[in-house]
Amino acid sequence: MNWNGVPVLVTGAAGFIGSHVTELLVRRGARVRPFVRYNSTRNLGWLAHLDPAIQQELDVVAGDLGDAEAVLQAAQGMEVIFHLGAMISIPYSYAHPREVVETNLIGTLNILTAARDLGVRRVIHTSTSEVYGTARFVPIDENHPLQGQSPYSASKIGADKLAESFFCSYELPVVTVRPFNAYGPRQSLRAVIPTILVQALTRDRIQLGDLSTKRDFTYVVDTAAGFVRAAEVDEAVGEVFNIGSGREITIGDLVEEVFSITGRRLPVEQEAKRLRPTRSEVRRLWADSSKAARILGWRPQVDLREGLERTLAWVNDHLDRFPGDNYVV
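Numbered according to the working numbering, the sequence shown spans residues 1276 to 1604.
If you're looking for bench data, these hints aren't it; they were derived computationally from the structure.
Treat each hint with caution, since some may be false.
[As the list claims (entries may be wrong)] Here are the simulated BS3-like pairs of lysine-lysine, each with C-alpha atoms no more than 27 Å apart in a straight line: (1) K1566 x K1436; (2) K1489 x K1548; (3) K1566 x K1489.
Turn these sequences into a full structure, and let the hints steer you where they fit.
Below is the structure:
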């Protein structure tokens, strides 16, 4: 697909994955309209840290996903919508389930409705590996049961089903992308890899939650490429795609990898406030991304070691951005 001049709306563009998708689309020649949450300081999140030449190409629109009129206005004239906007913190969803559900479910409904009414050519809806819950079989393919083990995951299951329903009911050309644990530059301490890296660089001990859980980590540049491929392939419409590395690792072993690349070895402690409720903890995630390989032609290009080294270099350059207590909900 030739992206040159294609008008694209990206919700959640100021965030971690969204900023990388935005950057990739601009580099491909698309005319990108980032949809960001309004704030009085005009803080554009990670968009403000993109190359100035890329920033100049952006048509930034501020609004709220929960405002159907704002979403409809933002989507005017767009051919493709990448819907990444969401409230993504699992611990926050324990404290404020209503806010998380309303943002993730109603926000998605507003995007889908606007896309239907405006005749948008393709919607890329963002899911999450959290919808699978603890793996019942591995590797996890797209037919794995969905399990709402947190209010966040339940909200995303609902959003996924809304996307499915608009494809079935209105023939909306929607594709659902289900990323597994993306990591890399621009990620906050809400996530485990920057948390470990920052602690390894600045503290005399590592404090984490459950070290025995297993995750499938995918470098964010690969993740962004998967999103863009989902918009390029006609056979993707109506389908769900896992985007994962195909490798699982325990958090404890991940800490060892970080020790190896930083050259520092520290005591590791389990901190109670970082633990999920027992039945809510997702014990194991391991992606089967063979469907993405077969239909999208997508495969991860960056292995964990290289991705950690790239992330470490970025964290080293941005240590002043991270809070001193190193714990973010």
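Each hint tested on the structure:
1. K1566 x K1436: Status holds; Cα separation ~19 Å.
2. K1489 x K1548: Roughly 19 Å between the alpha carbons, so the hint for K1489 and K1548 holds.
3. K1566 x K1489: Within the cut-off at roughly 22 Å; holds.
In this structure, every one of the numbered hints holds.
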